[in-house]
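**Q** Start from chain A and add chain B according to the hints.
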Amino acid sequence: MPGETTETTDTVTTTTKTVSVIGIYSDSTAPNLDASANMMVRNNTFYTPVKTALDFSSLSRASTTANSNIQAATYLLNDPSDITALRAEAVNLGLTADTYTLDFNETTFARMVAPLNSLASFALIMVVAVIIIGGLITFLLVLMSTRERKGEIGILRALGASKGKIASQFIVETLAIGIIALMLGGVIGGLSSKSVANTLLQQQVTASETTTTTETDTKIQSAKGNPQFIGGGGGGRAQGGGSFNPIAQNITPISSIEATAGMIQLVEMISAGLLICMIASLSSIYWISKAEPMTILSNRN
Amino acid sequence: MDPIIKLTNVSYKYSTGSATVHAVKDANGDFYEGKMYAITGRSGSGKTTIMSLMAGLDLPQGGDILYMGKSILKENRDKYRKEKIGMIFQSFNLLPQLTALENVMISLELCGYKVSQAKTIAMGLLLKVGLTEENSKKRVLKLSGGEQQRVAIARALGPNPPLILADEPTGNLDSENGQNILEILSNLAHVDNRCVVIITHTKEIANECDEILEMKDGKLV
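The listed protein sequences correspond, in order, to chains A and B. All letters in the first sequence, in the order written, are residues 0 to 300 by numbering that gives the first Met the number 0. All letters in the second sequence, in the order written, are residues 0 to 220 by numbering that gives the first Met the number 0.
Keep in mind that the hints were calculated from the coordinates and are not lab data. All figures in this text were calculated on a predicted structure; none of them were measured in a lab. Just so you know, not all the hints are guaranteed correct.
[Said to hold, decoys possible] When the alpha-carbon atoms are kept at most 30 Å apart in a straight line, the in silico DSSO-like pairs for lysine-lysine are as follows:
{"no.": "1", "chain 1": "A", "residue 1": "289", "chain 2": "B", "residue 2": "78"}
{"no.": "2", "chain 1": "A", "residue 1": "164", "chain 2": "B", "residue 2": "137"}
{"no.": "3", "chain 1": "B", "residue 1": "12", "chain 2": "B", "residue 2": "69"}
{"no.": "4", "chain 1": "B", "residue 1": "78", "chain 2": "B", "residue 2": "118"}
{"no.": "5", "chain 1": "B", "residue 1": "5", "chain 2": "B", "residue 2": "215"}
{"no.": "6", "chain 1": "A", "residue 1": "162", "chain 2": "B", "residue 2": "78"}
{"no.": "7", "chain 1": "B", "residue 1": "73", "chain 2": "B", "residue 2": "127"}
{"no.": "8", "chain 1": "B", "residue 1": "113", "chain 2": "A", "residue 2": "149"}
{"no.": "9", "chain 1": "A", "residue 1": "162", "chain 2": "B", "residue 2": "12"}
{"no.": "10", "chain 1": "A", "residue 1": "162", "chain 2": "B", "residue 2": "136"}
{"no.": "11", "chain 1": "A", "residue 1": "289", "chain 2": "B", "residue 2": "24"}
{"no.": "12", "chain 1": "B", "residue 1": "83", "chain 2": "A", "residue 2": "149"}
One chain only, chain A, in its complex shape:
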């Protein structure tokens, strides 16, 4: 049990080592009972610090029994960007290809975050599309609104209002509407972002699983035609064959995220909104700069 101290004995050299059990992992997958050797059964696996494992290794180094040597060490990294550093460190420690196979399973992480990356790409495309299409629509709306208000512009110009003053009035109006829209959008987005993001993410996960299933089916079909595919390269090194990696076999893609907007995202959204407003205001500025009060009022009358 966790917290208990137990003794373990090297059966070859009859040397005793004391270790503390700090946790028992739960494996929900079906046991690999078809494995050809005990070491390949996941239920027999225990994880130790490297030092402990090396102690066992040195104790059994004199042994002639090959199965008592360290067969594999699996490191779990929080960040895939640490792989390069780990690889360099392993090489520096002398773990060269002559003695061990250095197998870095980046695909596990890639598979886990694949739906998230797909969602991020999709979201980026959506943001760009919304900015372009939204900006265009806002530009046209402001242009139409300005044209509809040409009578007002003509009257104000006739009363002596400068073009700059009228343009600034239109810009302020557009910005005021933009700020209200940003606030509404922020509230609605904040309330719905989590559920929308998770729904979209779930779709990506489903799509990813469908693709994986199809690929697996294809491989099995290939394997039937070529029996050497399964276990190929495994040999005496557990890490040598991808199909023996218990972690890689049980990948659960990220299917739920806490989608919230931080300060940077808020600043980005506000900046994009204000940029759209300013670009849209250019249409009214252009129209006002061309507005001649006499022409407008003559046409109006």
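**A** Below, chain B alone, put in the same frame as chain A:
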């Protein structure tokens, strides 16, 4: 006594397709304070064009227009329109989304008055032209034509200009309302000592004025 506004050989032409129209050709005229002038002429004679030139809405292509002895060609025309003249139009040209009071306040706010000051002055002007306080709070489209034109006159008086230019001010009104508006304009000239220039094609209105000028072949005669 120097004229409020003086036209010296003023010319203006414009193109309509391939034809060039000399709307105003070497027009001369002096307009003094305390008088009401009528500029008459048949349709297309250039009446409205000469008013737009006097109002600084457009620039003459020849000659000069002197306002109190200074050429308006060298002045900031926005400032000139804002502070030195008051304009009244046939179709009122009020802002329909605003109340009568707010329409008058605009001209004052453009001149730099604070909102509270503009509100007080605007209310006084509306009462002066015969509008009630109740009507001042209504949107202008809720008012009758005569009332709308009174609002337009009050707006023109906002900056307290010595020159009032009115383009067919009674054109959209019935005879009774037209007469009332004419009385207001007459008082502006004869009581307030302003110079009032009315563009009209109606002889009855022209006869109410102190002087009648006719646009003929682009000239003021």
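**Q** Against this structure, judge whether each hint is valid.
**A** A quick look at each hint next to the structure:
About 19 Å separates the Cα atoms of residue 289(A) and residue 78(B), which keeps this hinted pair within 30 Å; it holds. Our distance criterion of 30 Å between C-alpha atoms is met by residue 164(A) and residue 137(B), whose separation comes to about 26 Å. Annotation: proposed proximity of residue 12(B) to residue 69(B) holds, straight-line Cα distance about 23 Å (limit 30 Å). Taking the CA atoms of residue 78(B) and residue 118(B), the gap is near 21 Å; set against the 30 Å cutoff, the hint holds.
Distance check on the hinted pair: residue 5(B) and residue 215(B) sit about 18 Å apart at the alpha-carbon level, within 30 Å; holds. With a C-alpha separation of about 12 Å, the suggested pairing of residue 162(A) with residue 78(B) holds against the 30 Å cut-off. A threshold of 30 Å between alpha carbons decides the hint, and for residue 73(B) with residue 127(B) the separation of about 34 Å lies outside it, so the pair is violated. Proposed proximity of residue 113(B) and residue 149(A) is supported: the alpha carbons are some 26 Å apart, at most 30 Å.
For the proposed pair residue 162(A) and residue 12(B), the alpha carbon gap of about 25 Å is at most 30 Å, so the pair holds. This hinted pair checks out: residue 162(A) and residue 136(B) have alpha carbons roughly 29 Å apart, not beyond 30 Å. Only pairs whose Cα atoms come within 30 Å are accepted, and residue 289(A) paired with residue 24(B) is accepted, the gap being roughly 27 Å. At roughly 24 Å between alpha-carbon atoms, residue 83(B) and residue 149(A) fall within 30 Å of each other, so this suggested pair holds.
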